[in-house]
Amino acid sequence: MFGIGFVLSLALSIFALGAFGVAVRRDPLVMFICIEMMFNAANLALVGLSRYLGLVQGHALVFIVVAVAAAEVAVGLGIIIAIFRTEKDVNVDHLSELRG
Amino acid sequence: MSTLLFVLFLPLGTAVFNRLFGARIGKTATAFVACASVVGAFAFAALSFYDLSDRVPLARHVVTPVYTFMTLGLFKAGFDLLLDPLSAVMICVVTGIGSLIHVYSAAYMEEEDAGEYARYFAYLNFFIFSMLTLVLAANFMVLFTGWELVGVSSYLLIGFFRGKDSAADAGKKAFIVNRVGDLGFLLAIFIIMSVFGTLDFAAVLGHADKLGAGTALATATALLLFMGAMGKSAQGPLHVWLPDAMEGPTPVSALIHAATMVTAGVFMVARCHAIFELSPTAMQVVAWTGGLTALFAATIALVQNDIKRVMAYSTLSQLGYMVMAVGLGAYTAGFFHLFTHAFFKALLFLGCGSVMHALHGELDMTKMGGLRRKLPVTHATFLVGAACLAGVPLTSGFFSKDEILLMALQGPHASLALWAIGYLTAACTAFYVGRLVFKTFYGETRLDHHHYEHAHESAWPMTLPLVILAAGSLLVGLLGLPRFATEWQPFEEWLAPVFSDLKPFAGGEAPPALVLWLMGLYTATVAFFGWLTWSWFARRNPLPDAVAKAMQPVHQLLWNKYYVDRFYDAVFVRGLLGYSRWAWRWVDQGLIDGAVNAAGWLAESAGDFLRNRVQNGSTRQYAAFLIAGVCLLLGLVLACKGALCCH
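From first to last, the protein sequence lines stand for chains A and B.
Take the first sequence: its position 38, counted from the start at 1, is 38 in my numbering, and no numbers get skipped.
Take the second sequence: its position 519, counted from the start at 1, is 519 in my numbering, and no numbers get skipped.
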């Protein structure tokens with residue numbers, strides 16, 4: 001099967017892709033997906049390390065992360081829909097009313 | 001001696017009282033409180049004097065510690081008072097003449113309102129306290145304290161008429177010019193402190209040779225001390241403040257700028273003679289400064305028309321005599337002249353005040369004349385004072401001035417050149433005194449009818465001090481008659497313990513023939529100038545104007561006081577103003593304001609930059625920064641960990 005090195009490398013790649021996506025995409029929905037990718041990369045690393053070290057804490061933590069991510073998506077999508085209703089536009093580069 | 005505390009603190013107490021409550025208790029009460037305190041101080045001073053004279057001569061040195069400011073290891077800074085023959089004479093003069101001038105002021109200042117009247121007496125009492133602190137000092141610290149306090153009271157009193165710009169300027173000038181001298185005095189005190197480790201007179205002056213006889217250090221100390229004396233006694237190049245100080249009320253000029261404060265420099269040199277004696281160079285500088293100032297001021301007085309200004313230059317000139325005397329090592333003679341001068345110069349100033357009072361502030365002698373019929377008491381007493389100043393035989397000024405001139409010929413540091421200067425000064429003195437008296441009191445009046453008719457003799461509080469001072473001026477000369485005439489030398493014997501450390505003069509007594517010959521010469525000179533001024537000024541005479549015209553350049557030079565004031569104005573005042581303006585424009589506005597504004601501008605533009613370029617609302621950019629930050633931290637952690645692993 002795959003070794004720990006492979007798992008961590010995969011997690012790092014997914015995380016980096018996610019981070020890159022957050023930084024370059026303008027559509028908030030795609031940014032959300034990228035954030036989810038980063039969460040899941042972290043989850044993958046947790047699971048992989050738990051298995052490798054023979055611990056259960058990592059597995060437990062993954063469930064918490066999934067739960068928090070679900071809650072965050074619910075709030076985030078709510079905000080995006082609210083913005084879309086008022087602005088008819090969800091390009092993040094156009095949304096800068098809250099800057100100082 | 002607890003009597004000294006009364007001498008010192010009575011005037012201080014009433015000064016505070018009058019300043020706080022004087023405006024409310026009315027003028028009569030104010031004047032009474034002020035006069036009573038100074039008369040009381042005089043009584044206690046006389047008592048101290050008497051106590052001191054009860055002791056054997058060499059035990060006449062009583063130190064009274066009043067209060068200790070601080071103790072630092074072996075050094076103790078204490079408010080200590082020293083009563084010895086020198087300070088005993090000074091406190092009697094200060095409080096005695098001070099009392100008379102207080103009484104005189106009560107009438108002279110009558111026209112001021114109650115608040116100003118109280119302020120005047122508070123300042124005057126405060127001056128008495130300051131001057132007593134100065135003369136009673138038992139160490140350099142207290143001496144310097146008194147020195148500065150008289151400077152402050154002098155400043156306050158010169159600028160008393162605070163509505164007048166000229167008075168305010170004169171006060172400032174006096175204070176600032178004195179600062180120049182005080183700088184030297186302070187430096188001298190620093191040297192003394194570092195050499196002796198103490199400031200007590202007994203420890204310093206008793207072992208002055210620690211400085212080394214004739215060394216550069218001794219010369220420097222003496223000259224720096226003398227710089228202080230030059231400021232206070234208005235000598236040499238620092239004389240400019242004294243003529244301007246006449247802006248103050250006339251009794252103030254009489255008390256502070258003629259009789260007492262300005263003699264502080266002479267007093268200080270006499271007090272510190274042990275240091276001056278170490279350095280012949282310093283003694284020569286002192287003597288020549290005094291002699292040249294005496295002549296310089298006397299020549300200016302020849303042509304001035306303002307009676308108070310003539311008196312001011314005369315004071316400069318007489319102070320020059322005193323300084324010359326102490327520089328010649330003739331301390332007793334110098335101090336005797338200080339003593340007699342205090343009487344007759346106070347008298348002359350008060351006489352000027354009385355004339356001013358009668359003529360509603362007129363000071364120009366060319367507009368006076370014929371006042372002897374209108375002001376008989378002022379005229380008679382003024383004549384006595386003038387006779388003393390000019391050195392008419394048998395008056396006090398005659399004896400004291402002759403003694404100084406004799407010491408210039410036959411003293412420990414005799415110098416024929418200085419005698420000649422002193423003699424010329426005496427001749428000038430006779431001339432300007434004659435001119436002043438005859439132009440003011442004799443001949444046809446040049447006043448308009450209205451003023452002349454309304455001129456009247458002053459009230460008794462003004463004339464009584466004049467009469468007492470006139471009697472004093474005539475009589476105090478008896479305390480120092482020429483040595484060949486009598487064995488009775490009370491003044492010299494009284495001061496002998498103070499100057500007991502000096503070696504007796506090897507040249508011995510002056511031969512009586514020389515003394516008599518000199519006296520004859522002075523008498524002839526005074527008589528000649530008396531006659532000359534009588535014929536020139538007591539009646540209409542075209543000759544003085546013709547002489548002035550013939551000697552136009554000289555007259556102009558003297559009239560403009562040798563252009564010293566103008567020179568100072570051009571060099572120091574304008575120089576400083578120019579420099580200040582430059583400093584204001586370039587340093588203050590350019591550099592300092594520039595730096596402050598630059599700091600503000602920097603903060604503002606940095607803020608602008610952050611607001612517009614960094615916090616620009618672009619979510620993607622924030623995310624990029626976030627990621628970059630995380631990467632940076634992660635890199636740091638890994639790098640540190642790597643570095644730790646290697647060790």
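What the hints contain is simulated information worked out from the structure, not anything from laboratory work.
This one's a predicted model, so the numbers in the text were calculated from it and none came from an experiment.
Keep in mind that a hint or two might mislead.
Claimed, not checked - A few chain B residues that face chain A, going by a derived Cβ cut-off under 7 Å, partial list only: (1) VAL614; (2) THR619; (3) ARG620; (4) ALA623; (5) ALA624; (6) GLY629.
Think of the CB as a built atom: it goes at the ideal place given N, C-alpha and C, for glycine as much as any other residue.
Structure-based check of each hint:
{"no.": "1", "hint": "VAL614", "in the structure": "violated (10 Å)"}
{"no.": "2", "hint": "THR619", "in the structure": "holds (4 Å)"}
{"no.": "3", "hint": "ARG620", "in the structure": "holds (6 Å)"}
{"no.": "4", "hint": "ALA623", "in the structure": "holds (5 Å)"}
{"no.": "5", "hint": "ALA624", "in the structure": "holds (4 Å)"}
{"no.": "6", "hint": "GLY629", "in the structure": "violated (12 Å)"}
Of the hints listed earlier, those the structure fails to meet are numbers 1, 6, in rising order.
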